[in-house]
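Participant: For the protein sequence lines, the chains are B and E, in the order given.
Using my numbering, the letters of the first sequence correspond one by one to residues 1 to 437.
Using my numbering, the letters of the second sequence correspond one by one to residues 1001 to 1521.
Please note: incorrect hints may appear among the correct ones.
[To be verified] Only pairs whose alpha carbons sit at most 20 Å apart, straight line, appear in this in silico DMTMM-like list of lysine to aspartate or glutamate: (1) K1511(E) with E1249(E); (2) K1057(E) with D403(B); (3) K1084(E) with D384(B); (4) K1084(E) with D403(B); (5) K1084(E) with D382(B).
None of these hints come from the bench; they were simulated from the model.
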Amino acid sequence: MGFPHESHQRETAVLSQHFGVAEARTLDGWKKRGGYQALEKALAMAPADIVTVIKDSGLRGRGGAGFPTGMKWSFMKPGDGKPHYLCCNADESEPGTFKDRELMRWTPHALVEGCAIGAYAIGAETAYVYIRGEFTEPLYFMEQAVKEAYAAGIIGKNAMGTGKRIDVHVHKGAGAYICGEETALMNSLEGRRGNPRIKPPFPAVSGLFGMPTTINNVETLIAAAPILMKGADWYKKMSLSNPKSTGTKLYSVCGNVQRPGTYEVVMGFPFREFLYDLCGGPVSGRKFKAVIPGGVSVPIQSMEEAEASLMDYEGFVEQGSMLGSGGVIVIDDAQSMVRVIARIARFFAHESCAQCTQCREGTAWATKILERIRDGQGAMEDLDTLMDISENMTGKTICVLSDSCATPIVSGIKKFRSEFESLIQGRMFHPVLAAVA
Amino acid sequence: MINLTIEGRPISVAEGTTILEAAKQVGVLIPHYCYHPGLPVAGVCRMCLVEVEKAPKLAPSCATTVAEGQVVHVHSEKSLDARKGVLEMLLINHPLDCPICDQSGECELQDYTFQEGREDSRYREPKRFNPVEDFGGDVVYVPNRCILCTRCVRFMDDVAEDPVLNVSERGDRALIGKFEGKDLTHAWAANVIDLCPVGALLSKDFLNKARAWELDRAASVCPNCTQGCNVIMETRENQLVRMRPRANEFVNAFFMCDWGRLNYRWMNEKDRVDQPMLRQEGALVVAEWEDAIAAAARLLKGKRAFVVASPMLSNESLFLLTQIMQGGSGTFRVMEGDEAPLPGVEDLALRRERAANVYGAEALGFKKSRDPLAGLGKGDVLIIAGEDLDGIDAAAMRGAGETIVIGSVMPHGVEGPAVVLPIANFSEEEGTVTNLRGRVQRFTQARQAPGLSRPSWLVLGDLLGAIGKQSSFFLPSQVFDQLAATNNKFAGLSYDTLGFKGLPIAGEPNKQKTAIAVGAA
Chain B
1 MGFPHESHQR ETAVLSQHFG VAEARTLDGW KKRGGYQALE KALAMAPADI
51 VTVIKDSGLR GRGGAGFPTG MKWSFMKPGD GKPHYLCCNA DESEPGTFKD
101 RELMRWTPHA LVEGCAIGAY AIGAETAYVY IRGEFTEPLY FMEQAVKEAY
151 AAGIIGKNAM GTGKRIDVHV HKGAGAYICG EETALMNSLE GRRGNPRIKP
201 PFPAVSGLFG MPTTINNVET LIAAAPILMK GADWYKKMSL SNPKSTGTKL
251 YSVCGNVQRP GTYEVVMGFP FREFLYDLCG GPVSGRKFKA VIPGGVSVPI
301 QSMEEAEASL MDYEGFVEQG SMLGSGGVIV IDDAQSMVRV IARIARFFAH
351 ESCAQCTQCR EGTAWATKIL ERIRDGQGAM EDLDTLMDIS ENMTGKTICV
401 LSDSCATPIV SGIKKFRSEF ESLIQGRMFH PVLAAVA
Chain E
1001 MINLTIEGRP ISVAEGTTIL EAAKQVGVLI PHYCYHPGLP VAGVCRMCLV
1051 EVEKAPKLAP SCATTVAEGQ VVHVHSEKSL DARKGVLEML LINHPLDCPI
1101 CDQSGECELQ DYTFQEGRED SRYREPKRFN PVEDFGGDVV YVPNRCILCT
1151 RCVRFMDDVA EDPVLNVSER GDRALIGKFE GKDLTHAWAA NVIDLCPVGA
1201 LLSKDFLNKA RAWELDRAAS VCPNCTQGCN VIMETRENQL VRMRPRANEF
1251 VNAFFMCDWG RLNYRWMNEK DRVDQPMLRQ EGALVVAEWE DAIAAAARLL
1301 KGKRAFVVAS PMLSNESLFL LTQIMQGGSG TFRVMEGDEA PLPGVEDLAL
1351 RRERAANVYG AEALGFKKSR DPLAGLGKGD VLIIAGEDLD GIDAAAMRGA
1401 GETIVIGSVM PHGVEGPAVV LPIANFSEEE GTVTNLRGRV QRFTQARQAP
1451 GLSRPSWLVL GDLLGAIGKQ SSFFLPSQVF DQLAATNNKF AGLSYDTLGF
1501 KGLPIAGEPN KQKTAIAVGA A
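Make the full structure from the sequences, and use the hints.
Facilitator: Next comes the structure, spelled out in structure tokens:
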């Protein structure tokens, strides 16, 4: 649903169908809309059967990496004698991404239900929802929902009267981007500094408190309920292109478009039509110049690439980028790509946890060079230096924050080199002239 | 066992070994900063990246365990490029103030930059600046030189178990911080200075005292308590200026306590007895060594000797004293203080008894006493060996016959000694000491003794010869061989078998400390 706008007819609102309906936030309102039926059904099933259904549905992680959810759940070995944990990653901090925020604001019970289903499926009695510190409104509604669900006996010692224990705890982060990295999130939950951990061991072996842990994105967990209710086949059929990408995906669109908002479309939807039709195209008198389709960590697309993309995991990769978190940032011809990229780099420099050398120093160094070019003090060799720093920042660190900083720099310089060169050669970027050129 | 190839060298190592440790075994040093064998693995400096064939990415060798059939390239173009990149990044905010940095000459940032780094920097921006901070204890922090390897943080958290340090801030603003109201006052905190691979954590005691390349170094043992931590004694112009731990997995792992480390000035003391002397007409006059030894031997003839020895003396000298005693008796006293353990290492502490060779003295028959003069018989020849008698009532000496002083300083309260034989102190001679677990360890000479002082084993050996016992020692190892031949506790030991990590005397276990590293934090 193109919230806050009216839903577009070409959208497929599965997870977002109750956006804007305040009543859906309450337990009664949620139940009226079929809520907690999936949990009831799940608790009557064997955990392994739930995992099979999710596997068959083809659901993949919606946080950015796109790892098959059913397979992730199957890594949790039942009967290993250890407590298992489910973490819900609600630390949605990727710039340009705000789909989980809307999911939690409007349908908090959907996440409680999703967490309960997920926890039961992986043999966990405890689920933690780690919510981004700045998300005060989603936090409020999530806390309300959890309280209501406990009071109604839906979760707790005796979840829905089945004798099974499922606890859901809401935890507020302190405002660090890096705590959205799964192992940093676990450190943060444990009360430590939010530094990513070296892998292996992977969370399924040693995660939260050193115990087997599964960590899923908000949208992924919420998608489990409709899959259980309507079946794996129903979900699998929602695919317009590659059978490896199934279901619907939420996109949060921002930037220079007519109708920014949160949209839900079926996997494989043509990106061109999404941008021009659903999102309304560029504001009057301007032209699209570039798109970042999945949050600032993914490569920047030129318009040729964007318009040729199909919106799924494989489709964006074919066109030089990634689906990522679904945070679509649209950039039009009135913007300077150098400014955009310098701002992105500054974000990563600010958020680097400071463990790995290349990230701690590289993100800040790249930012300084980019801002110098932006301010008209650049030199041609700076571009080579930037490319080389980016190379050193890629694939060499504990987590991918460093890579994420390098990605827009490399794709930006490759695809929009002339803008960098103009600034370096003393030709200031002029939005009006750029628009008519 | 796992078989792999590192830099073309085949090797077989135990499962679970890291690539970095395996490489050491085939003589390949993989450059690294954050890794330290005595600390949990952090994997953050990214300096130890190596290329493993068939792996998609470079592997941090400190955090990657070996796998069967692995082929590892440490100096391939790809890994060299990665490390060159890390070195450049480590230096962009570094002040490059080597000319005024204490670490210069023993700095891993210098070493690896010279070895593998770029000749120039491409950094054109202003550098980060943070002011110097006093961390308490002996430690001062220079944040501008810090590479955030976090060795110090991990030492305090996991080995000292006194979490004082942290990483504050994020990104390139990050620096090592101290928790509010806390200081590096832990008894072992100064180890962070040695652990620091660069000049960020410095010793206040050693600050601006010497350049690393001016120092002479000697393998020794800390004389300041019965633990017997292995140390390196460092001298400049014959003055001891620093003691640092020397790794020994049987005794002290990689560490030494602050008290032992900083308590070295007594070995530089100036108020020394540095010439042999004889009493003539009631006054001490300078004499030839031969005359002084002969005079001492004459005094001992037919008399019962009573020896007050220092537990700082070596096994060799204490053994020779027992030979000279001729059925007399020997005593010693020990200074005491509070015990201070290092929790992260098994059986390692600053011990209550503050002398190196208490165990050895007792093993050789000397009696420990708070009042070492108590058994002195009327008419006994009193030999005061290495003991300064500070704080002891001199009245007890009145009943003695003649007194022979064998020492580095004139003992308190001794009236009219007949002979004074000047000897080298602990830092000036070679020998062995036995620690509280019965481990016999060698120490070597770090400085030259002043004046005509001679090593204690040489003086005592000559005296032994002069009283008519067969004795011709030219080396302390020969004294030790004699000790090993006559005392079955020392049987089978020799300087060659002791090496520089020592061996326990008969009946004591030769036990390596349990692994210190507690895994990735």
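Participant: Work down the list of hints and note, for each, if the structure agrees.
Facilitator: A quick look at each hint next to the structure:
1. K1511(E) with E1249(E): The given pair, whose Cα atoms are some 9 Å apart, holds under the 20 Å limit.
2. K1057(E) with D403(B): Cα-Cα ~13 Å, so holds.
3. K1084(E) with D384(B): Between K1084(E) and D384(B) the Cα gap is close to 16 Å, so the pair holds against 20 Å.
4. K1084(E) with D403(B): At roughly 18 Å apart (the allowed maximum being 20 Å), D403(B) and K1084(E) satisfy the hint.
5. K1084(E) with D382(B): holds, 18 Å
Of the numbered hints listed earlier, not one is contradicted by the structure.
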